[in-house]
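A.B. asks: Protein chains in written order, with the numbering used here: chain A, 1 to 545; chain B, 1 to 280; chain C, 1 to 345.
Derived by calculation from the structure, the hints in this document are not laboratory data.
There's no promise every hint is true.
Subject to a maximum C-alpha distance of 20 Å in a straight line, what follows is the list of computed SDA-like cross-link-like pairs (lysine to any residue) [what the hints assert, rightly or not]: (1) B:Lys15 <-> C:Asn188; (2) A:Lys187 <-> A:Thr215; (3) C:Lys159 <-> A:His36; (4) C:Lys171 <-> B:Phe27; (5) B:Lys134 <-> A:Ser372; (6) C:Lys245 <-> C:Tyr73; (7) A:Lys293 <-> C:Arg129; (8) B:Lys70 <-> A:Ser372; (9) B:Lys102 <-> C:Ala114; (10) A:Lys86 <-> C:Thr34; (11) A:Lys44 <-> B:Leu89; (12) A:Lys458 <-> A:Asp468; (13) B:Lys100 <-> B:Ala82; (14) C:Lys245 <-> B:Lys134.
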Amino acid sequence: MKKFLVQNREILMNGMAAVFLAVSFVVSMIQINSVHEVYFDESKKNLRIAHWQLESGYRDALDHIIREYEKLHPEVAIHQVPITEKFYAQVVNTHLVGGTAPDLMEMGMSTMVSQDQYLQRYFEPMSGHVAKPNPYNAGTELEGVLWRETFIDGMRTAYRPSLQDYFGVPSSTFTQRIFYNRDLFRKVLGTDEPPQTFGQLLEVCRTIRQHAEQTGVLLVPIAGSKYNSPIFFERYQAAFLAGYLSELDTNLDGGIGGMEMYAGLESGVFGWDSPPNQAAFGLIRDLSNHFQKGFMAVGREQAAFLFVQENAAMITSGSWDAESLFRQADFEVGIFDFPMPAGDEPYADQVRGRTSEASTGTGNAYGIHRYSRNKDVAIDFLQFLTSKAMNQQFNRDINWIPAVIGARPTKELEVFMPNPEGYTGTLYWFWGGRSRQVYDGGLTAFVQGEIGLDEFGKNVVDALQDNDYGWTRAAQDEFEAGRNNVRLQEQLLGILNSDALFEQTYADHDRRFQEAMIRQVRADHGLNEYIHRFETELQGKLRME
Amino acid sequence: MLSRRSRERTKELIKHGLILLVLFSAFFPLYIMVVISFKDNDQFVRNPWWFDSIGTWKWENWSFAWDTVKIYIANSIVTSVAATAFCLLFATLTSYVIAKHKVPGRGVVYYGLIALMFLPGTAATLMTLFTLLKDMHLLNSLWPLIILGATGGQALCVFILRQFIEEIPNELFESAQLDGASSWQQIMHIVLPMSGAILGTLAILQFIGNWNNLMLPLIVMRDDVMLTVPVGLMRLEGEYVKEWGQLMAGYTISSIPMVILFIFTMRLFIRGLTAGAIKG
Amino acid sequence: MANGAITERAGVERAARSNAPERTTHSAGRRVMTTIRRLRFQWSLYLLMLPTVLLILVFNYYPSLDAIRYSLYRWDGAFIEEFRGLENFIQAFGHDRLFWQSFGLTLILLVANAFKMWPSIFTAVVIHRLQSERWQYVYRVLFVIPMIIPSLVGLLIWKSFFEPMTGIMNKTLQATHLMDVLQWLDINVLGWQAFTYGSPAWLSNSHLIVPTLIIWGFPWVGVIGVLIYLAGLQNISQDVYDAGKIDGLSWWGKFSKIELPLIMTQVRLMLILMTIGTLQDYGLILILLGPEGGPNNVGMVPGLYMFTEGFLNQRYGYACALGMVLFVIIMSITLVYQKLVRVDK
Numbered sequence: 001m002k003k004f005l006v007q008n009r010e011i012l013m014n015g016m017a018a019v020f021l022a023v024s025f026v027v028s029m030i031q032i033n034s035v036h037e038v039y040f041d042e043s044k045k046n047l048r049i050a051h052w053q054l055e056s057g058y059r060d061a062l063d064h065i066i067r068e069y070e071k072l073h074p075e076v077a078i079h080q081v082p083i084t085e086k087f088y089a090q091v092v093n094t095h096l097v098g099g100t101a102p103d104l105m106e107m108g109m110s111t112m113v114s115q116d117q118y119l120q121r122y123f124e125p126m127s128g129h130v131a132k133p134n135p136y137n138a139g140t141e142l143e144g145v146l147w148r149e150t151f152i153d154g155m156r157t158a159y160r161p162s163l164q165d166y167f168g169v170p171s172s173t174f175t176q177r178i179f180y181n182r183d184l185f186r187k188v189l190g191t192d193e194p195p196q197t198f199g200q201l202l203e204v205c206r207t208i209r210q211h212a213e214q215t216g217v218l219l220v221p222i223a224g225s226k227y228n229s230p231i232f233f234e235r236y237q238a239a240f241l242a243g244y245l246s247e248l249d250t251n252l253d254g255g256i257g258g259m260e261m262y263a264g265l266e267s268g269v270f271g272w273d274s275p276p277n278q279a280a281f282g283l284i285r286d287l288s289n290h291f292q293k294g295f296m297a298v299g300r301e302q303a304a305f306l307f308v309q310e311n312a313a314m315i316t317s318g319s320w321d322a323e324s325l326f327r328q329a330d331f332e333v334g335i336f337d338f339p340m341p342a343g344d345e346p347y348a349d350q351v352r353g354r355t356s357e358a359s360t361g362t363g364n365a366y367g368i369h370r371y372s373r374n375k376d377v378a379i380d381f382l383q384f385l386t387s388k389a390m391n392q393q394f395n396r397d398i399n400w401i402p403a404v405i406g407a408r409p410t411k412e413l414e415v416f417m418p419n420p421e422g423y424t425g426t427l428y429w430f431w432g433g434r435s436r437q438v439y440d441g442g443l444t445a446f447v448q449g450e451i452g453l454d455e456f457g458k459n460v461v462d463a464l465q466d467n468d469y470g471w472t473r474a475a476q477d478e479f480e481a482g483r484n485n486v487r488l489q490e491q492l493l494g495i496l497n498s499d500a501l502f503e504q505t506y507a508d509h510d511r512r513f514q515e516a517m518i519r520q521v522r523a524d525h526g527l528n529e530y531i532h533r534f535e536t537e538l539q540g541k542l543r544m545e
Numbered sequence: 001m002l003s004r005r006s007r008e009r010t011k012e013l014i015k016h017g018l019i020l021l022v023l024f025s026a027f028f029p030l031y032i033m034v035v036i037s038f039k040d041n042d043q044f045v046r047n048p049w050w051f052d053s054i055g056t057w058k059w060e061n062w063s064f065a066w067d068t069v070k071i072y073i074a075n076s077i078v079t080s081v082a083a084t085a086f087c088l089l090f091a092t093l094t095s096y097v098i099a100k101h102k103v104p105g106r107g108v109v110y111y112g113l114i115a116l117m118f119l120p121g122t123a124a125t126l127m128t129l130f131t132l133l134k135d136m137h138l139l140n141s142l143w144p145l146i147i148l149g150a151t152g153g154q155a156l157c158v159f160i161l162r163q164f165i166e167e168i169p170n171e172l173f174e175s176a177q178l179d180g181a182s183s184w185q186q187i188m189h190i191v192l193p194m195s196g197a198i199l200g201t202l203a204i205l206q207f208i209g210n211w212n213n214l215m216l217p218l219i220v221m222r223d224d225v226m227l228t229v230p231v232g233l234m235r236l237e238g239e240y241v242k243e244w245g246q247l248m249a250g251y252t253i254s255s256i257p258m259v260i261l262f263i264f265t266m267r268l269f270i271r272g273l274t275a276g277a278i279k280g
Numbered sequence: 001m002a003n004g005a006i007t008e009r010a011g012v013e014r015a016a017r018s019n020a021p022e023r024t025t026h027s028a029g030r031r032v033m034t035t036i037r038r039l040r041f042q043w044s045l046y047l048l049m050l051p052t053v054l055l056i057l058v059f060n061y062y063p064s065l066d067a068i069r070y071s072l073y074r075w076d077g078a079f080i081e082e083f084r085g086l087e088n089f090i091q092a093f094g095h096d097r098l099f100w101q102s103f104g105l106t107l108i109l110l111v112a113n114a115f116k117m118w119p120s121i122f123t124a125v126v127i128h129r130l131q132s133e134r135w136q137y138v139y140r141v142l143f144v145i146p147m148i149i150p151s152l153v154g155l156l157i158w159k160s161f162f163e164p165m166t167g168i169m170n171k172t173l174q175a176t177h178l179m180d181v182l183q184w185l186d187i188n189v190l191g192w193q194a195f196t197y198g199s200p201a202w203l204s205n206s207h208l209i210v211p212t213l214i215i216w217g218f219p220w221v222g223v224i225g226v227l228i229y230l231a232g233l234q235n236i237s238q239d240v241y242d243a244g245k246i247d248g249l250s251w252w253g254k255f256s257k258i259e260l261p262l263i264m265t266q267v268r269l270m271l272i273l274m275t276i277g278t279l280q281d282y283g284l285i286l287i288l289l290g291p292e293g294g295p296n297n298v299g300m301v302p303g304l305y306m307f308t309e310g311f312l313n314q315r316y317g318y319a320c321a322l323g324m325v326l327f328v329i330i331m332s333i334t335l336v337y338q339k340l341v342r343v344d345k
């Protein structure tokens, strides 16, 4: 027996490999089958909801709402499709094009869910639906109120002026604040009261640094990162630059877009050397001294890690991070708002005031795929999610701010509720993809002390004026996007009009042809194909005249 | 002056030393992977180098990782095995015809295949391929992976198998012909037994290639339950709150099937590579 | 070619018939039967080849040709299809600096990878020169094991090494005080300001990305390479070695004069594979740095740029055009290779 084994060892080994493969194949098939049975259950109405919110608690909270909904509607099965942030754009784009997109998609991250031309093609316009009351608000003070009016911003952020329609339903509101380690503050500063002015904030930072140097422990005042630090920058920049709104906002839409910014620059209304701008960047530079070294090269996870491991005393982030930070921290976490320079502190003369959050829009919006098979269920689920009771519960579970009027967050998060006092409007020093890169790269180098403000400014302005990549390219992209948009609308209009024409001129048997064509369009077989065939048919018929 | 003997031995020792050094650095990532898989984040930060005491090992990392990764492994096994099987089946048929029968057009087929080996499959074709799959309604399913896995391997397999089959003496085939064997039977009874080794090696190469394929599943799959191991691990790694222990446990578990396979088929693979390398 | 088939079959049949008892009747009929059988036989052969042919036509050739067609269009993958002629190419050659910058990085990687081939060769030689066969086999097995780990896992583990705060790379450098050396270098020679803070971010600092891409995978010994070289080495007969010993070759001499020349075929093979791989591959960069190729797109390679332009920026037509350019470049390099490396010793 032993001899047999030894002699045929190799064959036996290979045989065992084959057996192993065969067995694992069968086992895998069984496993896949059982998973697919649950996931692709055809007997139920399946709804897929995609998002990139991988923060702790979100999936569970959403799951909770889903279970509640499924209890009310047992014929529905809803599946979450959470996708890593880095890949969300690519997956959503690919599957929108491929026709396999999930029924509900979180709006953001990719061009296809934010540009008009794709929105109108792939997403369900909501104006009809949001002009009716939300049935799930029955019995509350929001009963009978139009669905869109139940949101704290009236669904303003979901509205697309150029398309004159709503394209998503929000579920939360987001604001930003500064988180701080109360225990650490008490230990180092003797008090856990947060700083009230910017000067005080700098003082606090300096004290913490001294403490760190004396005790030799790794401690930085503020945890920065490529993700978190810009929140500071934008906040303070806005406070300084808000004054330009009246001068630059030529189309009066409440914001300063790329073209308006560039026009202002070229016309000399403002420039890099304008005092508010210089002050803004000066303040940002001073603040950046108190982040950890090399912070712009670090991701948001590392910054959070620093804060949670008590190696940083403060960190800024949005309300969406509150839950993660609370959960991971072993210490008491406090929250305060961004302190502005005041009195005779440096930069106080140039700052207009705090930034208003009146225009804080709602976010975390979910759009409905236009060609979803269960559109009515999707709409119903969204109504459920944004009913006052459910929205409050959902946002409390994840420690976010609700989007529905009257819903309150948890007590700790009350500080995050939007504060409408202050100034609005800010401008961005880039327009188009490439100038944005130059700005980002320059900002990184500037805040880390690698280049000076003048060099930074020169690079930024040069990039904007660059012939290949600057304003010309940005304008061209905008024009092309607009043209695509208009082309599609023209096509649609043309078809609809020709349909009507057709209807009047030809006999009933052509109606079947029309209906078939319309069905084909609805089945997403391609507008081009439809047009082509339509044109051919039309030409054929006209030639018959 | 050292004796010849001891000089020889020192030289041997040096060689062993060098090899062990390289081996050590090659094994190091794996070692770290296993070490971290038993820790939670705090332990990892404090001491990433070697194991903590056994009492503090976090076995739950492994159970959590298993739950997450098992569907990826299942998908990968199914697609890799099926793709490899189809690939070898079709390649054997084709190389048999090309090697042993002078049918018109065989040159076209053969050179058409070989050209593919040298044609770089750039990302551009990925897009048109995607459109093709979309029109075939094959998105978000395992079939594209199987089909394309089979297709991709045709060129190499036919190339190698053809050379191999050509060297099988014609008399074997002719006598089978006289016995009235059909092509199919000829393949079954002559080609397969004789090329067992090379088929095995090719199977392993194809399996590894399919297992490691990243791009296609990345664009074709939408749902988490459909992902294969590479894409699944990649998505896991992008999570916001990284639980390093669970992540490393997941990596380890994902490597196990391949390791098992290799342990069994080691000799075969090495032998096949040797033979192939000589011809190559 | 058709005649050849016929004569061959006829020859076989003639041989067969010569052993069978003579039949004089119906020779014409038999010829018809033969023709029919031949045709049916040939059809069955074509049928055998059909799956392969079908698969490569539909899934390989068709997408490639389609890509050529689309490179002349402005195509967003969804519904915009506008014929643009050569405009995509004009833009790629004239106005797209990022595309050409990505080639620059590829060249650097090519050179780096060429150097990274040598550890495999050396290792194979050292294993081969061991006197004990058993140890050779043991080491072979041991080498294979770390490399069967799926390449992605290896890559992800290396990625974790590069984490600034918790990664093994920085911890090792700090423990061995190499970090101080690097800091000194940084301040006095390089001026990158990447090391001055003690825990450099290998994957997020634009200066460190190229070194990271070169360093990863230490010690750069790949199992396929080692096995292939070993196989080649084993073909070298003992006589050559004996001759070498007579000539009094040192260990380096043995390597440069005997072993290296005789495994040139394998080295060439690996070189070509490596080149094509480096020129095309972008999965590595995608995983390490993300779709934009890291900060300021420093890590962008042509393949990744195509992927991003297509799947992320919805410029599928432009991406196809880029693909064409890349294809031509790779083909040229491969052809140049064939010509150059044809010089056999």
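A.B. asks: Does each hint hold? Answer for all of them.
C.D. replies: Comparing the hints with the structure gives:
1. B:Lys15 <-> C:Asn188: Not satisfied, since the Cα-Cα distance of roughly 39 Å exceeds 20 Å.
2. A:Lys187 <-> A:Thr215: holds (13 Å)
3. C:Lys159 <-> A:His36: violated (33 Å)
4. C:Lys171 <-> B:Phe27: holds (18 Å)
5. B:Lys134 <-> A:Ser372: Satisfied, since the Cα-Cα distance of roughly 16 Å is no more than 20 Å.
6. C:Lys245 <-> C:Tyr73: violated (66 Å)
7. A:Lys293 <-> C:Arg129: With Cα atoms ~50 Å apart, A:Lys293 and C:Arg129 exceed 20 Å; violated.
8. B:Lys70 <-> A:Ser372: Between B:Lys70 and A:Ser372 the Cα gap is close to 30 Å, so the pair fails against 20 Å, i.e. violated.
9. B:Lys102 <-> C:Ala114: violated (42 Å)
10. A:Lys86 <-> C:Thr34: Violated - the C-alpha atoms of C:Thr34 and A:Lys86 are around 65 Å apart, more than 20 Å.
11. A:Lys44 <-> B:Leu89: violated (39 Å)
12. A:Lys458 <-> A:Asp468: holds (17 Å)
13. B:Lys100 <-> B:Ala82: Not OK: B:Lys100 and B:Ala82 at ~27 Å, beyond 20 Å, violated.
14. C:Lys245 <-> B:Lys134: violated (65 Å)
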